[in-house]
Amino acid sequence: MPDAIHAGHPVVAASDKPLEYQDPNQSVKILGFWLFLATDMLLFGCLFATYLVVRTHTDGGPTPQSIFDIPGFTLETFFLLTSSFTGGLSTLAMRNGNKKALLTWLAITIALGLAFIGFEVKEFVGDVALGATWQRSAFLSAFFTLVGTHGSHVSIGLVWMFLTLLQVAKRGITPITSRKVFVVNLYWHFLDVVWVFIFTIVYLSGRVM
Amino acid sequence: MPSSFMQFADKYLMWKEGPMIWGSDVAILLVSIGILFTLTYFHKWKWLWKEWITTVDHKKIGIMYLICALLMMFRGGADAELLRTQLAVPNNHFLTAEHYDQIFTTHGTIMILFMAMPFIFALFNIVVPLQIGARDVAFPYLNAISFWLFFFAAMLFNLSFVFGGSPDASWVSYPPLSELGFDPGPGENYYLLALQITGIGSIATGINFLATIFKMRAPGMKLMRMPLFTWSVVAASVVIIFAFPALAIAIALLTLDRIAGTHFFTILHGGNPMMFVNLFWLWGHPEVYIVVLPAFGVYSEVVATFARKRVFGYGSMVASLMLISVISYFVWAHHFFTMGAGADVNTFFAIASMMVGIPTGVKVFNWLFTMYRGRIRMTLPMLWTIAFVPCFAIGGATGVMLAAAPADYQYHNSYFLIAHFHQVLIGGTVFGLIAGMYYWWPKMFGFKLDERLGRWAFWFFNIGFYVCFMPQYALGFMGMQRRMYTYPANMGWNTLNLISTIGAYIMGIGFVFIVIQVIYSIKHGERDLTGDPWDARTLEWALPSPAPHYNFAVIPTVTDRDVWWEMKEQGRADELKPKEADIRPIHMPKNSSRPFFMGLAFFVAGFGFVFDWLWLGFLGLAGVAVCMIARALEYNDDYHIPAEEVIETEASLGRLS
Ligand code: HEM
Ligand SMILES: [Cu+2]
Chain A
0 MPDAIHAGHP VVAASDKPLE YQDPNQSVKI LGFWLFLATD MLLFGCLFAT
50 YLVVRTHTDG GPTPQSIFDI PGFTLETFFL LTSSFTGGLS TLAMRNGNKK
100 ALLTWLAITI ALGLAFIGFE VKEFVGDVAL GATWQRSAFL SAFFTLVGTH
150 GSHVSIGLVW MFLTLLQVAK RGITPITSRK VFVVNLYWHF LDVVWVFIFT
200 IVYLSGRVM
Chain B
0 MPSSFMQFAD KYLMWKEGPM IWGSDVAILL VSIGILFTLT YFHKWKWLWK
50 EWITTVDHKK IGIMYLICAL LMMFRGGADA ELLRTQLAVP NNHFLTAEHY
100 DQIFTTHGTI MILFMAMPFI FALFNIVVPL QIGARDVAFP YLNAISFWLF
150 FFAAMLFNLS FVFGGSPDAS WVSYPPLSEL GFDPGPGENY YLLALQITGI
200 GSIATGINFL ATIFKMRAPG MKLMRMPLFT WSVVAASVVI IFAFPALAIA
250 IALLTLDRIA GTHFFTILHG GNPMMFVNLF WLWGHPEVYI VVLPAFGVYS
300 EVVATFARKR VFGYGSMVAS LMLISVISYF VWAHHFFTMG AGADVNTFFA
350 IASMMVGIPT GVKVFNWLFT MYRGRIRMTL PMLWTIAFVP CFAIGGATGV
400 MLAAAPADYQ YHNSYFLIAH FHQVLIGGTV FGLIAGMYYW WPKMFGFKLD
450 ERLGRWAFWF FNIGFYVCFM PQYALGFMGM QRRMYTYPAN MGWNTLNLIS
500 TIGAYIMGIG FVFIVIQVIY SIKHGERDLT GDPWDARTLE WALPSPAPHY
550 NFAVIPTVTD RDVWWEMKEQ GRADELKPKE ADIRPIHMPK NSSRPFFMGL
600 AFFVAGFGFV FDWLWLGFLG LAGVAVCMIA RALEYNDDYH IPAEEVIETE
650 ASLGRLS
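Chains as they are written, first to last, in numbering that gives the first Met the number 0: chain A, 0 to 208; chain B, 0 to 656.
One chain only, chain B, in its complex shape (with noise of 0.2 Å):
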């Protein structure tokens, strides 16, 4: 017995890898003992099943994928500080070759998928329903799901760290490298299942909110009239849809390899790794456009709000939106270009790289033209926005640089690469949903968020940015490969490396910075009592902080692009508000537990699989149909608020007219 428990332990506890496994193991027990009891102790677990798990509001959904990003940016950051650590003096050996392999994989896969996806994800709920002046998504049920998809495959993909050991062939995961012959433990599986599961919710969100801008904005309320961080959900949505698929399949297929012993993948019996490369950036760069295209919405909101103007050229904002949705699907190619395709496949992708530029310029040029003579005021959100503009202009300029196959040669997979990618995601991405946190923080929250403390969040990450990231330009071109886990002295590259780790320590700062503001302004943070804080222009503004559940009481009428601002301008800001007269009950969707257990029930397939335990794998598949099988046959999931509830709720946020 104690023999089987001593194998037990070495193969899925990992006692024997060293102190930082164990100090987590002991944390993550600690702090899951202090959940329950604080709990229980409050006696708050109805209230978490009944408001929360439970919940189908989308603005409820949205707060808890905020958390949970926040969360995975912290737990991502982490790793990000650990390999920097290990990078920062040459021959060093305080992370293993192995374990940086783990670290940079989770800290890649996680930034990505599970910090930056819900990050936006996050945004959309709580903004967009609430922009077009409709109650609700287009399928509320549907929209729980996902966040559960994605809240047990980011369990899931986090519980490979302390059982059964993490993945480790980086965030893109190449076969032949990520096949069982040379990477036989869970840590692989974990990655592929993670994905996949939360992979499917992410196709059902750009289904879901598609639908819901095609089909329910308020009346009046004209393509041509939807705010911009809508249309910017518009491009998102449809690059989701066109994308994900192609990471489906290409995890699913190396799944078979690895799980059923087919040959997609292998070198053995016909096998073509290349075809996992091609499907997985097929996915892949247009991901970063997913990502990056809302915090563009974001952006083109914070401008026209700080500057107190209409955005500069609404039209070409629209197109460029879209047009960056389409192109991107033209560039995959560019991850690869040393794969021997020869030189006329090269230069129509780095030809159709470059042209990404030109919508991106134009976004750029608008942004600038809509500050300039506005009276700006120089908000928390606002300095994020401006601080983006220069670091994604030279983001920019170095992907230019890395398209140009030619020289792609020299620097493919070095540090320059690894800076020019993260001078973009964090550069564009993080700020701008950094940047919506902080501006759509009161009409979620009901307050705002604690301008100094954010003010030095601000400035040491973005001096810690620079620090960090503008010395690997120079080690990518003094020859630093990445996912290099240490280096010899004599390199020339001891310093650069040093600063860089400085800066990343610098950003890490920033970051604690913001966990302090948000704690510090739950308690001392400027209550939002009228709804509209930053004097803003679009309809959620016109709506208390927070929302009530059911958001509009009497679903408005649009007249112009920018209806709030334009009826606070012309002294009509009173006619939003609802007449007694004019509220009906309210039609709405009833909360529901089977999202929640569907989650739970790909979890427990997912983990099934990891092991190879294939019962259990079926066992958790059974339990997926089971709920399908039940909410097809389901038919009272709705339910009327009565007119005078609705009534009283308004009286009392004092909004009746």
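Okay, chain A solo, but in the shape it has when bound (with noise of 0.2 Å):
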């Protein structure tokens, strides 16, 4: 890189570091998105708590046994735990400078992260259709509320990954893409953590107690 001296980060070309660590800006960058990542951390931990208040106020309503499928949300996990593994793989054929292993993790990790998707939608039709709506009682509009952001975050991951797929197709691996695709994947992670947390305090503790 030529002048890397963005507004005064200082250079230190260590080559030692993967590609995206490189280069001072996108290293900085790659901060930035960690905080960022604290601060979602905490956007779903104030929901999680609101959950765990109010997931026995069902007022007479449907409850968690009653509304949780267990086939359906196994094969969503399934899909988004192995989606997390190939955003992995996919992080690795960069660092191998392989980009087209690189698009093909890609695309299998959004591909995965759409049936993901597909299948949490037709879930909250069906629940939908059985009359448990979010305005139907207090747990039902955190449960909603909760896997909804959690969804909501998965889809605008999977416009962002198409994006970063995009770029890295016309562009190659630059610091720049490779500071991109690690960050997509940071949050991709992320979000699968997040969903453990679903996983094992919503559905599986709603289904035993």
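Some clues are possibly wrong.
[Claimed, not checked] Straight-line distance between alpha carbons at most 25 Å, and here's what the computed BS3-like set of lysine-lysine pairs gives:
(1) B:K45 to A:K169
(2) A:K16 to B:K221
(3) B:K214 to A:K16
(4) B:K576 to B:K58
(5) B:K567 to B:K308
(6) B:K58 to B:K221
(7) B:K221 to B:K567
(8) B:K45 to B:K589
(9) B:K45 to B:K576
Since the hints were derived computationally from the structure, they do not count as laboratory data.
Two chains, two frames, a set of hints: combine them into the complex.
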């Protein structure tokens, strides 16, 4: 990079670091993204707290036992966890400088993410058909909001990953695109972690407790 | 047609509400026409667009924040005067009950979110990069977005006054009072959406400045060499990052209750209103530290500069800043000891609340020790700093009284509380903000504000302050509750209320003096040609006033705490002047109009949802999405200032060595 002193970043051209960290402009963006993830984590933390407070407030309406369907959320979990793995493989391909593999793994990750969203939509539509709408009770309000917020995060992540894929296809693996691939995958793993909490706190304990 | 127009006018223009609204309508119209006319007459549109609206320069963004904060201080202050006028005498009907509710709601919300927040962001932007020897913030484009989100959120909030009706459920907007069933008008929606939009911008600012300070310090500026103002920004940014998500969730869920018919906080269908109260104060309490910590930073800079000494106990200053930011999370329930959570919970929160006093006390003593045996110069920033000490000490003492849970059952939500929090918010935060404004004004604009007018302002404001708020402690003990729009004559409250109102007017005069001072000084203020008008200590004073848009022609190397002072002492000040041979082309971000349009799109979305016009709301959100996608695909957002141009600029400033 010729003269990467963006607004005073010290230049540390340490080539033993991964590509996305070599350019100080990119590494500061990665730090910024970690900080953003901290705020997003707190956002979900508040939603979980709300859910835990009202999850028994069903007001005579549908209960967790009556609406959570085991095969449905198991499949969702399978798709999302696998997509996180393939996302990791895309980062690995990027580190190896293999553009084709990178694009392929990104595409597979997107496909798995789409499957996850598809099954979630199906689940929500099914719930509503049973009269389990979020206007019905505080429990349902909190359930749809928590799981729906995660789902909309995944949807945004899909658009974003697709845009990243286009850029890699067009520009190849550069410091900028590699930072973008790295960051979108961080986001994706983060959503995976949140889902693990949803899976246990909402679905599993909803079925057994 | 006329009848449908009448309906529209009744519903949205509120023209049956009386002269106050008509007056405001006319005033807004006249001011808008005036602005349009002036800009057109002087051919300033292009200038405004190129130099300000599309700018990503942190110094200009800081100035825009400052101007908005001062305007909002004026609006919030006018609200305060109306409230106090209504309470001056018993059985008053200057305002109706409903109108009183709207005014205290807008007053509180504006003062905290649209005055104090932009004011601290103004100082962050103006000071931090210069103090740490950086050319910019970490994310200049995001910084512009933050500003425009704040700006359009403030517009949205203020619009409520003349279009549709103001919120009236107080700045905390507790459900179920603020639920659709009890509060149908659009006012509450305005509150929720404006806060959401400005909150997103605030989170981004917190992230931005933390990353800036961690990653962009000049070589040699170790953490323990950072100026204390910068440290206070670290502390405040950490609190922003950890607290604002709670606000976002609290108001998002309340918005869903109101717009989508969910039941988070309703009594119906199992909602739990106390959940809102907890989430709100999980943000609300840290929020008061967010606005006071930067003020603490200002006091540290001012005391060191005007006592001409190093700050006493630097390490303990840093430690106490960080401690305050951590403890601030463990006190939120002191706002509702009366919730019924039980003695153990209340005890925990009572003790935690009192513990905040310890690090704060450390700081106050350090400031005093710094002044002790210093050669103090009584400039305006120093005056406000000295006035802060006793004011904040009293506020802290009454805070400890409120933190005693059993006693709080007595004066919860009474005027005692009003007196306490104004004492810390004004005596702690506002005094600090004003001190900071005076202190860095020459750096921003290249001239000092007039001392004589400033002293008038100072004395009016300070004397007015005590006259206004001291009687309120007594009123609280005598049983007067907050948010009462009027009171009967036989309670024995009459005299104290009248005195309090007189105090509020005296403070108002003080503010008017500040306005006069600014206007007067634009023409007659002492020009600052040295860049270091106060003989100060930190790096920002090594630059000319105002600083060139790339800040440092050559990034300085830091060898000490208070580098600039050390260099002056050792006669090495010229070392910070660039040598022609060292100057390289400077990499800068390009201006962009997109942050402005993104703010506008958020405004459109917010406006749509306020009135449940969903199509407009989603149209606005689509605009936001378009802006974000365009940004994701953007590549050439930077350029280089050629070395020759930098050399020329530095030479014309007489700074080449
Ligand atoms: C000229 C100075 C000021 C005066 C005379 C003043 C006066 C008042 C009055 C009369 C009320 C309503 C009390 C009631 O009836 O419940 C009030 C409420 C409030 N004020 Fe101020 N105020 C001033 C400055 C400030 C500042 C600088 C801030 C914040 C930075 C602030 C924050 C608040 C808040 C948060 C409330 C509570 C609103 C609510 O109950 O929802 N005030 N003030
Ligand atoms: Cu508090």
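For each hint, the structure was consulted:
1. B:K45 to A:K169: This hinted pair is violated, its Cα atoms lying about 36 Å apart.
2. A:K16 to B:K221: holds (23 Å)
3. B:K214 to A:K16: It holds: about 17 Å lies between the C-alpha atoms, which stays within 25 Å.
4. B:K576 to B:K58: Holds, at about 21 Å.
5. B:K567 to B:K308: holds (14 Å)
6. B:K58 to B:K221: With Cα atoms ~24 Å apart, K58 of chain B and K221 of chain B stay inside 25 Å; holds.
7. B:K221 to B:K567: holds (20 Å)
8. B:K45 to B:K589: holds (17 Å)
9. B:K45 to B:K576: Violated, at about 34 Å.
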